[in-house]
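Colleague: Using the sequences and the hints given, assemble the complete structure.
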Amino acid sequence: MFFRKKQNPHPYDRETWKPVIRSSICTGEKVAGFQNLHTGKFSDVMLIRTPGDLEEFRRLYGIGEGEISTEY
Numbered sequence: 018m019f020f021r022k023k024q025n026p027h028p029y030d031r032e033t034w035k036p037v038i039r040s041s042i043c044t045g046e047k048v049a050g051f052q053n054l055h056t057g058k059f060s061d062v063m064l065i066r067t068p069g070d071l072e073e074f075r076r077l078y079g080i081g082e083g084e085i086s087t088e089y
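Count along the sequence shown from 1, add 17, and you get the number used in the numbering used here.
Any given hint could turn out to be false.
Said to hold, decoys possible - EDC-like cross-link-like pairs, simulated, lysine to aspartate or glutamate; straight-line CA separation at most 20 Å: (1) K58 <-> E32; (2) K47 <-> D70; (3) K35 <-> E72; (4) K58 <-> E88.
Stated by the list, open to error - Ranges between beta-carbon positions, derived for each pair: (5) G79 <-> C43: 17 to 27 Å; (6) E32 <-> V62: 12 to 22 Å; (7) R39 <-> G69: 10 to 20 Å; (8) H55 <-> E84: 17 to 27 Å; (9) E72 <-> E46: 17 to 27 Å; (10) Y89 <-> L54: 12 to 22 Å; (11) H27 <-> L54: 16 to 26 Å; (12) H27 <-> K58: 12 to 22 Å; (13) T33 <-> G81: 17 to 27 Å; (14) G83 <-> V62: 11 to 21 Å; (15) E73 <-> K35: 13 to 23 Å; (16) P68 <-> E88: 16 to 26 Å.
Read the hints as simulated data drawn from the structure, not as lab findings. We put the beta carbon where it would ideally sit given N, CA and C, even for glycine.
Modeller: Structure, rendered in structure tokens:
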């Protein structure tokens, strides 16, 4: 009731997908997701409004700090 259950990281295929932050040049809006290494297709997961949202994305998928690239 008072404590949250600790969630395990969601798996993703590291051979096929890479974590990417897409940032709009005009509005500055950021979207976190994964880009297919073979086709280049981007699959968005969540909107990044605060640094806490980015930390949540990294925690959910077990992504290290240097593993995420930013795409404009």
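Colleague: Now look at each hint and say whether the structure bears it out.
Modeller: Verification of the hints:
1. Proposed proximity of K58 and E32 is supported: the alpha carbons are some 14 Å apart, at most 20 Å.
2. Between K47 and D70 the CA atoms are separated by roughly 10 Å; this keeps the pair inside 20 Å, and the hint holds.
3. Straight-line distance between C-alpha atoms of K35 and E72 comes to about 17 Å, which keeps the hinted pair within the 20 Å bound.
4. With a CA separation close to 13 Å, the supplied pair K58 and E88 stays within the 20 Å bound.
5. A hinted range of 17 to 27 Å is violated for the C-beta pair G79 and C43, which are about 32 Å apart.
6. The hinted range of 12 to 22 Å is satisfied by E32 and V62, whose Cβ atoms lie roughly 18 Å apart.
7. Between R39 and G69 the CB atoms are about 19 Å apart, so this pair conforms to the stated range of 10 to 20 Å.
8. The supplied range of 17 to 27 Å is met by H55 and E84, whose beta-carbon atoms lie about 18 Å from each other.
9. For E72 and E46, the hinted distance range of 17 to 27 Å is satisfied, since their beta carbons lie about 18 Å from each other.
10. Between Y89 and L54 the CB atoms are about 19 Å apart, so this pair conforms to the stated range of 12 to 22 Å.
11. About 18 Å separates the C-beta atoms of H27 and L54, a value consistent with the hinted range of 16 to 26 Å.
12. In this structure the supplied range 12 to 22 Å holds for H27 paired with K58, their Cβ-Cβ distance being about 19 Å.
13. The supplied range of 17 to 27 Å is met by T33 and G81, whose beta-carbon atoms lie about 18 Å from each other.
14. One distance hint, 11 to 21 Å for the beta-carbon pair G83 and V62, holds here, with the actual separation near 19 Å.
15. The hinted window of 13 to 23 Å between E73 and K35 holds, with their beta carbons roughly 19 Å apart.
16. At about 19 Å, the beta-carbon gap between P68 and E88 stays in the expected band of 16 to 26 Å.
Hint compliance for this structure: hint 5 is the single one not met.
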